[in-house]
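Enquirer: Chain by chain, the residues run as shown.
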Amino acid sequence: MKDISVQEADFDVGAEIAALSAGDVDAGAVASFVGLVRQDKHDGAVAAMTLEHYPGMTEQALAGIVDQARARWQIRNVRVIHRVGRLLPGERIVFVAVASAHRHDAFAACEFIMDYLKTRAPFWKKEETPAGGRWVDARESDDRAANRWK
Amino acid sequence: MLKILYFANLREAIGSGAEDIELPAGVATVGELRSALGARHAALLTAKNLRCAVNQKMCGMEAPVADGDEVAFFPPVTGG
Numbered sequence: 013m014k015d016i017s018v019q020e021a022d023f024d025v026g027a028e029i030a031a032l033s034a035g036d037v038d039a040g041a042v043a044s045f046v047g048l049v050r051q052d053k054h055d056g057a058v059a060a061m062t063l064e065h066y067p068g069m070t071e072q073a074l075a076g077i078v079d080q081a082r083a084r085w086q087i088r089n090v091r092v093i094h095r096v097g098r099l100l101p102g103e104r105i106v107f108v109a110v111a112s113a114h115r116h117d118a119f120a121a122c123e124f125i126m127d128y129l130k131t132r133a134p135f136w137k138k139e140e141t142p143a144g145g146r147w148v149d150a151r152e153s154d155d156r157a158a159n160r161w162k
Numbered sequence: 005m006l007k008i009l010y011f012a013n014l015r016e017a018i019g020s021g022a023e024d025i026e027l028p029a030g031v032a033t034v035g036e037l038r039s040a041l042g043a044r045h046a047a048l049l050t051a052k053n054l055r056c057a058v059n060q061k062m063c064g065m066e067a068p069v070a071d072g073d074e075v076a077f078f079p080p081v082t083g084g
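Taken in order, these protein sequences are the chains called E and P. Under my numbering, the first residue of the first sequence is numbered 13, with each subsequent residue one higher. Under my numbering, the first residue of the second sequence is numbered 5, with each subsequent residue one higher.
Looking at chain E on its own, in the form it has when it is part of the complex (with noise of 0.2 angstroms):
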């Protein structure tokens, strides 16, 4: 099974999370995250958002991410898929995965996951509003969320 995958296509929640379990059964856990594109409206609601990521460097940053939570937690298998391209609100632009005997090391790799994902992963959003195209800056809370897990 592939670990990692940055994608246009949207992906399958359901099949996914059959997926990382199918034929293991010392799986006792799954754990799994999606993220949905947002109608923020602090600034005009958002009519669509593009990302943009660094091809090569992504699904390395990615890589080691995993090998990160692998080093620190007992999981089994691990699925990232981050979307990239054109995307409205409501779309899923994020999905982590993460199986384990125990339901801890699920729900603590997928969280460390997602975590270092937002602050370690070349990727860029911006967002189109009516007022124009604005690119999302960075937020302290997720600098602080990943900085939790040192």
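Computed list of lysine-lysine pairs in DSS-like fashion (alpha-carbon distance at most 25 angstroms, straight line): (1) P:K7 - P:K52; (2) P:K61 - E:K138; (3) E:K138 - P:K52; (4) E:K162 - P:K61; (5) P:K61 - P:K7.
Here are some chain E residues pointing at chain P (derived, C-beta under 8 angstroms): (6) E64; (7) V106; (8) K130; (9) P134; (10) W147; (11) V148.
Which residues of chain E face chain P? A partial, calculated answer using Cβ under 8 angstroms: (12) G68; (13) M69; (14) M126; (15) T131; (16) R132; (17) A150.
Hint data in this document are derived by calculation from the structure and do not stem from the laboratory. We put the beta carbon where it would ideally sit given N, CA and C, even for glycine.
Dock chain P against chain E, hints included.
Expert: Same frame as chain E, now just chain P:
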């Protein structure tokens, strides 16, 4: 030769996502490269919280740069 890449708002400000340049004389670190390129691309100098990567690994401005490297400049990441 160095491959230089720019992303997101930096790419838009510079008007290009990539360029190949000769390693400028006296440049040994990413920070020195930033200053040298800044003469042509002011956005590199004015960007707040500019991030960089050498050969597709995030690094600090003190990281060494050598002929043949791929060096990328970009704003803080906002994926997920």
